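Participant: Residue 143 in the working numbering is what sits at position 143 of the sequence shown, and the numbering runs on without skipping anything.
Any given hint might turn out to be false.
[Stated by the list, open to error] Straight line, CA to CA, 25 angstroms or less: simulated DSS-like cross-link-like pairs of lysine-lysine: (1) Lys247 x Lys183; (2) Lys247 x Lys45; (3) Lys39 x Lys247; (4) Lys45 x Lys183; (5) Lys39 x Lys189; (6) Lys45 x Lys111; (7) Lys115 x Lys247; (8) Lys247 x Lys189.
Hints in this document: simulated from the structure, not taken from any laboratory. It should be emphasised that the depicted structure is a prediction, and the values quoted were computed from it without experimental measurement.
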Amino acid sequence: MSEENNLQPQEEQFETDWSKLSFLTTKEKHVEVKRPFPKYEFAGKIFRISLLSLSLAALLALLIVSIVLGTYSNPSFLYDRGYGVLGFVVYALALLVAGLTFFLSYLYDEKLSLKAKSEEEHERYYFLVRVIRLVSLLPLVASFLLIPLRSACLEIAHCSIWWVVLFLVGAVLLVVLGFLNVKFNRNKKSAKAIESVLLFVIPALVLSFSAILIKPYSLTGIFGIWMLIGSVISFFLSALLFFVEEKHAACHLGGEFFFAVGMLLQLTDLLAYGMIQASPLY
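Could you put the whole structure together from the sequences, leaning on the hints where they help?
Facilitator: Shown next as structure tokens:
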């Protein structure tokens with residue numbers, strides 16, 4: 001009897017230890033994966049879906065108008081002095097990539113970031129969103145190089161084709177720098193700072209084009225140049241808000257809003273003052 005009494009406390013202690021271990025295991029399974037910005041409430045969800053819907057509708061409208069007014073009915077489309085098929089295709093690609101960027105960022109906010117089961121899975125989703133946001137700027141810059149910087153719109157005496165090539169190479173290198181920074185920079189704050197700078201600098205490159213364009217056509221008209229300046233200001237505000245998005249959900253939503261505004265302003269400027277209003281040159 002004495003041996004049985006001695007064994008009983010040990011068995012109870014053994015069962016207690018196992019119960020504690022099972023409790024810890026259950027707790028670990030329900031650890032919430034932290035997002036880089038706070039979760040927003042119902043009003044934020046309405047704002048987010050409204051922003052996506054309006055942005056995609058605007059991109060679709062730009063595509064339709066570019067097909068109707070920026071192609072065969074417009075002398076600027078002619079292959080000899082106009083932007084031709086290549087310029088139009090790159091512009092359409094810029095619209096498509098912008099739409100994909102808007103949709104993917106919305107999908108990340110509303111679905112992917114909330115359903116990630118591990119930090120590694122969440123980091124993959126966040127990496128994809130940040131990289132495609134940078135990549136979306138490349139077809140935008142390429143459209144500026146092919147549409148307003150064609151021969152009929154340039155001061156040829158003051159501009160060489162090598163300057164145009166240099167702009168494109170510089171934009172590509174900046175995007176590659178952003179990719180390497182997001183992928184390999186272990187310091188998250190430093191990586192975010194570099195990314196924010198690139199989100200502002202790459203779109204701002206197009207401001208320098210106005211110095212080599214024939215006035216008052218192709219982006220340098222009264223409304224065209226202010227639209228271009230407004231887009232760069234929007235990209236700056238977007239980069240600033242993305243940098244501090246962990247402080248409040250409104251910062252993230254504001255960053256998405258100003259990024260969409262900057263993108264749409266530049267694409268509209270390209271269409272109106274690079275593809276349609278440039279026709280008086282002929």
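Participant: None of the hints should be skipped; say for each whether it holds.
Facilitator: Outcome of the hint check:
Restraint check: the Cα-Cα separation between Lys247 and Lys183 comes to about 23 angstroms, which is no more than 25 angstroms; the hinted pair holds. In summary, the hint linking Lys247 to Lys45 is supported, as the alpha carbons are separated by about 18 angstroms, within the 25 angstroms threshold. At most 25 angstroms may separate the alpha-carbon atoms for a hinted pair to count; Lys39 and Lys247 meet this at roughly 11 angstroms. Among the hinted pairs, Lys45 with Lys183 is inconsistent with the structure: their alpha-carbon atoms are about 29 angstroms apart, more than 25 angstroms.
As the CA atoms of Lys39 and Lys189 are separated by approximately 20 angstroms, the hinted pair is consistent with the 25 angstroms bound. In summary, the hint linking Lys45 to Lys111 is supported, as the alpha carbons are separated by about 12 angstroms, within the 25 angstroms threshold. In summary, the hint linking Lys115 to Lys247 is supported, as the alpha carbons are separated by about 22 angstroms, within the 25 angstroms threshold. For the proposed pair Lys247 and Lys189, the alpha carbon gap of about 13 angstroms is at most 25 angstroms, so the pair holds.
Hint compliance for this structure: hint 4 alone is broken.
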